[in-house]
Amino acid sequence: MPGYHRAELTAELRVVATGRAGEPSEEQVEAARRVAGGTGLAREAGPETILLAGDRREVLEAAMEIVEAALDAGAHTVEVRVETEGEADRFGP
Amino acid sequence: MSQTTPTTPTRVGPGPTTWTPGKVGESDRRPDGVPKVTGEFEYSSDMRLDGMLWGATLRSPHPHAEIRQIDTSEAEDLPGVYAVLTHEDVPGRKVYGMEIPDQPVLAWEKVRYQGEPVAIVAADHPETARRALEKVHVEYGVLDPITDAEKAVQEDAPKLHLSGNVLRRIRILHGEGVGAAAKADVVVRGEYEVGMQDQAFLGPESGLAVPDGLGGVDLYISTQWLHIDQDQVAESLGMDPDQVRLTLSGVGGAFGGREDLSMQIHACMLALETERPVKMAYNREESFFGHVHRHPAKLRYEHGATRDGNLVYVKARLVFDGGAYASSSNAVCLNAATFACGPYEVPNAEIESHMLYTNNPPCGAMRGFGAVQACFAHEAQMDKLADELGLDPLDLRIKNALKPGDRFPFGQEVPPPAPVREILERVKVMPLPEEQEVMGRDLRGLPGGVSNVTHGEGVKRGVGYAVGFKNIGFSAGFDDYSTARVRLTVEDGEPLVEVHTAAAEVGQGLLMLQAQIARTELGVEKVSILPADTRVGSAGSTSASRQSYVTGAAVKLACEGVRERLFERAREELGEPPDGLSVEAGNVVRDGRTVVPLAELLDGDELEETCEYHHRETHPLDENGQGDVHLQYAFAAHRAVVEVDVELGLVRVVEIATAQDVGKIINPQALEGQIEGGIAQGLGLALMEEIQVKEGKVLNASFTDYLIPTILDMPTVKMEVLELADPEAPYGLKGVGEPPTIASTPAIVAALRDATGLELTRIPVRPEQLAGVSDGPPLPDEPTPGGAGYAEVGRLDGRRET
Amino acid sequence: MVELNFARVRPEAVMDLTRVPELREWGTENGRLRVGAGITYTRVIRELGDRLPGLAMASRTVGSPQIRNRGTVGGNLGTASPAGDALPPLYVSDAEVELASVEGTRRVPVAEFVKAPKRTATNPEELISAFLVPEAGGPQQYAKIGPRNAMVIAVCSLGLAVHPERKEVCACIGSAGPTPIRACEAEDFIRGVIEEEGLWESRGELAEAALGRFGELVSEAARPISDVRGTAAYRTHAVGVLARRTLGWAWNEYRGGI
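Residue numbers (my numbering), protein chains in the order written: chain A, 1 to 93; chain B, 1001 to 1802; chain C, 2001 to 2258.
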C-alpha cells in the first residue's frame, strides 16, 4: 500500500449555540456546510461538525471561508479546532 | 515514549516465541505451525478473561438512510446488559480513517452502507448481547442508494459526503499522450470489468479490551498495523496514545482486510464504560460487513502499436467504486494509475484514474492494491494486440518488456533489477504438462470433479500467459519506516537474542524472518521473538509486501548495532582489534578461530539497541502524474493451463507456472507459501470470488455463496525464482507477497479464452459466460427460496417459531 | 444445523438423535431397503454403494469429508431444500419416507413428502424415521453443477435411474425448481424409443439424436429461478446437458460398456 498520507492538518468546525443567541438556525448551519462542500476538503465528523483535512494552507483557507459564510448568515459563535495530525511527523512527509 | 504498566494482571494472547531458527536463506519450520494445525494456537477470537463481557454491534440494514431516532431504553433494561452506546458516547473524535477521517465510529444522522455500525452493546453472554441488539430501536428514513460509480459523478446525484462523491482523480500524461496515435499502425480497444473480491481471511475480526483501572485501556487485537490503530483509537477515546496500549494477538490472515479499524474503538468504549474486559468477535456473516473489500472497477483501454509490435501509446480510463467511506482508496487510485500500462516500455500514455463514493460496501486495501485491476486489463489488451498483429503473445511482451534505465509513464527511471524479459523467457521455456487422455480419467482430474458432470465430453484445453508487477513499500513521499529493539543476554549460560518489534505477523512468516535475521547477524542460536505491541516504536503496516524489507532492515540494523558494541567490548576487554571480527555459533570469531564465547564476553550484562530504519525517500506525483513515486518494484510472470467443459462452462486449472523476481530468498518454504497463496487468490478472482451487491445490499455474505478455492480447485504450481539483488534492500531482497496474485488472474482468463474463443472481459468468469448461455453475473429480484437467505445484518429476522 | 448456524432458528430445546440406535440401522423389508434416517452420507457411500449407486454418488458430492461424516439423508429430507443432493436419487427410485410418532408410523412417497421449498408433509409431532427404496435394478447416475470443484450447493443437478425390470428410465431435476422435478415427458419419450427399437433386449445403442431430444425435454421440464448461484437460463441449459450425458453413461453401463 503506497502513500497514505495522513493529512497534515485537520480542522473541526461547528456553529454552536450560545446563551445570548440560542441555537444556530438552519440557514447558518447550511451556509457553513454548503461552503464546506465547495472546498473539496470537507467531511462530516459528528452531529453538525464539519471536518477539513488536507495541507496546512488549504485547510486554513477553507476554514476561513466557512467561518465567514456562517457569520454572514448570522451565526454568532463558530467553534474552530485546528490540529496538526498528532503523528504527522510519524506518518507524513 | 513513556509507557504506563497496566495494573490488570493478565498475560492474554501469545507470549514470546523462542526457538532455534535457521539462518537467512534456510527453510525453517514455523514455530506456530504445529499449534495452528492441532488447534492449540490462540487466535484473537480464542482469548478469554474471567469476568469479561461480550460486545456486539448493531448495524444498518439499509445502504442509505437518515437516522431519525435511536431508542436504547429497552435494550438497557434487558437483564445481563451492562452498556448500550451510541455516537453520543464517543468521547473523542467521532470519525476515523486510514487517510481521511470520514468514517463514523457510530453513525449519527446518516448511514451510508449496509452494515454501518449504529450502536454497540455489552452483555454477560454473547446471546444476550445479540438479543439486546434487537431491542435497540432505530427509526430510519430510507433513501435511494447510489450504486453506480459513474452515476455518482453526475450533476444531479445526491452528495454522499459534504465535498461530493469524487474522492480522488489522478491523471498521468506521458510523452505526447494520445497525440502519438498517428504513429500507431494498429489500435486495439477494450472495456473490462473487475468484480468485488474479498480478503476472506479465516480468522474473524476479534479482540479483547481490558480497562486498566486508571482510565486507560489495553487492547489485544488482530490487526495489520498496531500504531495506526493506536492513533485512531486514542483520538476517538480522547486520550493520549500512552493510555491506549495495543498488543498483537493471534491473527488468522489479513490480506489487507485488517488495515482499517473494525471493532477496536467499539471494544475499548464498552470496556471503559463498563469497567470490565470486553471481548468482541464477529461471526462470518458480520465479518463480510465488518471489513473493506477490493475495489470493483471498470477499465477502458486503448493500445496503439507499430506493425512490428512496438507499443506506441496507451490510453486508459480507470473508474473505481470506493463505496461509502475513504479507507485507503486514495492510495489505490494512485497505485492503479501508476501500474496501468503494465511492465512495458510505453513511450506515450494518457491515464486517468477516478475514485468515487457510492453507497456500496466500502472498499480498501486488498493484496495487489489497484495493480490487480490494471493487470487484468492491460494483459487482455496485450493478447488482443498480439492477435491483431499476428504475433505470439509472449514474444510481443518480451519485445516491449521494461528494463532498468527505461522510464515509467510517471517519469521515474526503472531501477535495477527489473528482469521482466528474463521472467517471461523462463515461463516460455517451461515444458507444458502432458495432455492426458480425457476419456477414462479419474473424475477428480476433470472439470467438476466428483460432481460427475463430465467423463471427458466437451473438455478443451487452453494455455494463457500474463506478466505483472507491484510496488513494494509505501510510496509518494510517505516516510515509511520500522523500529526494532534487539537485546542480547545470557540465559542458562547460553546467549539469547530477544527481538521486539510491533510488526504484525498475520500468517506470512514474519516471525521466522526476524528470527532468521537475528540468528544470521548475531550468530546466536536461541532467538526469542517478543509479542508485538506498542511498547516499541511503529513497524509500519503489514501490507505493500514491505515487512521483509523495512522491518527486516530495522532488525538487521539493530543487530548490527549490538554486534558493533560486542566488538567494541572485545577491543576494550581483550585488546582485540574490531576489524576482521565476526560472530558465529555463539562465539566471537576471527578467521574461523574462536576469540571468546559471547556468554563469557557479556559476563552477565545485556546489550540492547533500538533502531529505526527509514527507507529511501519517494516523491508524490505532480499535476501531470509525474514523480519518483515508488520505492521498489517486483515482477512476476504466470502461465496457466486450464481445461474447460465448454458445454457446461466448468473449469479445472491444470497447472500454473510462474517465474518471480524476489531479490533474495530468505526462507524457501515461506516463499513457496506466499507464491502458492497468492496464486490461490488470483485463481479465486478469475473463477469464483465475488461479493455480489444489488441496490447496495450484499447477496452472499457467507462462505456458502462467496466461494474461495478448495484444495480440489488448486492446480500444481511450478515456480522458478530469480535472485537478482536489489542493491538498496537488506540482503538484496524484494517483497514477495503481492506479485503472485497479480498476473495469475489474467493468465487464467487468457487460458480460458484460448480454450473457448470467447472474449471474456469480466472477472470472475462465470460458468454462464463460458457456456455461452448468458452475459454478466446473475442478479435476482428477491431473496430466493432454497438460498441461504440473509437476515438484516445484526438482527435475527425471519426467525421461525419452534 | 444450518438454520441454527445462521441464527434463523433459536429453538427452546434441542434433542440429540444420534443416541437412537434404530435411526442408524438399515435392513431389507419385503424386497426393499429400509434405511434409518440417521445414516450418514459416509455410511451410505461405504455400506450401500453397490445397492444404491445413485444415492451413493449423490452423497459423494455433498460438502466435505467432515460434513459427510455428520450429515444424513434424513436431514436432507427434513430440510427439503430444492438443492438437496439426496433427493433426486430418491425420486427416481420412487422412494418412500417413513414418519413416526406416538400414534404410529406412516409412509409417504417422496414426491408427496416434499411439498415446497423447505416444507414437508411432516406433522409437528412426527419424526422422519427412515426411507424405503428398492435396490437398484440397473445403472444409476447423479451429476451436480457447482462453480468450483468441491463443496458446492448444487446450481442444478440431475438424478437418473435405469429400471430394466419395469422397462423404465427415470430422471429427476434438482435445484432448478421449487422442489425436485421428475422430467415425465422426457421419461415417456425415452421409454418409447427404447421399446420401439427393442433395446431392452438387444442392449443396442441409443442414438445421439434420442439422447439429444431427451436432454431437450429435461430442459423443458425445469422451472428454475435466477439467484446468486446461477441464472435461470444457465440452469435450464445445464440440466439438459447433464441429462444427455448421464443417460449416455447409464445406458452404456447397461450395454456392458464403459
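Hints were generated in silico from the structure; no laboratory data involved.
Certain hints may be false.
With a straight-line cut-off of 30 Å between C-alpha atoms, the simulated DSSO-like cross-links for lysine-lysine are [unchecked claim]:
| hint | chain 1 | residue 1 | chain 2 | residue 2 |
| --- | --- | --- | --- | --- |
| 1 | B | Lys1135 | B | Lys1151 |
| 2 | B | Lys1135 | C | Lys2118 |
| 3 | B | Lys1403 | B | Lys1183 |
| 4 | B | Lys1399 | B | Lys1183 |
| 5 | B | Lys1694 | C | Lys2167 |
| 6 | B | Lys1110 | B | Lys1718 |
Selected chain B positions facing chain C (Cβ under 8 Å, derived; list incomplete) [to be verified]:
| hint | residue |
| --- | --- |
| 7 | Glu1139 |
| 8 | Gly1449 |
| 9 | Asn1452 |
| 10 | His1455 |
| 11 | Met1688 |
| 12 | Gln1692 |
| 13 | Val1717 |
| 14 | Val1721 |
| 15 | Leu1722 |
| 16 | Glu1723 |
| 17 | Leu1760 |
| 18 | Thr1761 |
Glycine included, each C-beta is placed from N, C-alpha and C at the ideal position.
Each hint, compared with the structure:
{"no.": "1", "hint": "B:Lys1135 - B:Lys1151", "in the structure": "violated (37 Å)"}
{"no.": "2", "hint": "B:Lys1135 - C:Lys2118", "in the structure": "holds (29 Å)"}
{"no.": "3", "hint": "B:Lys1403 - B:Lys1183", "in the structure": "holds (23 Å)"}
{"no.": "4", "hint": "B:Lys1399 - B:Lys1183", "in the structure": "holds (18 Å)"}
{"no.": "5", "hint": "B:Lys1694 - C:Lys2167", "in the structure": "violated (49 Å)"}
{"no.": "6", "hint": "B:Lys1110 - B:Lys1718", "in the structure": "violated (51 Å)"}
{"no.": "7", "hint": "Glu1139", "in the structure": "violated (24 Å)"}
{"no.": "8", "hint": "Gly1449", "in the structure": "holds (4 Å)"}
{"no.": "9", "hint": "Asn1452", "in the structure": "holds (5 Å)"}
{"no.": "10", "hint": "His1455", "in the structure": "holds (6 Å)"}
{"no.": "11", "hint": "Met1688", "in the structure": "holds (5 Å)"}
{"no.": "12", "hint": "Gln1692", "in the structure": "holds (5 Å)"}
{"no.": "13", "hint": "Val1717", "in the structure": "violated (16 Å)"}
{"no.": "14", "hint": "Val1721", "in the structure": "violated (28 Å)"}
{"no.": "15", "hint": "Leu1722", "in the structure": "violated (32 Å)"}
{"no.": "16", "hint": "Glu1723", "in the structure": "violated (35 Å)"}
{"no.": "17", "hint": "Leu1760", "in the structure": "violated (15 Å)"}
{"no.": "18", "hint": "Thr1761", "in the structure": "violated (18 Å)"}
When each numbered hint is compared with the structure, violations occur for hints 1, 5, 6, 7, 13, 14, 15, 16, 17, 18.
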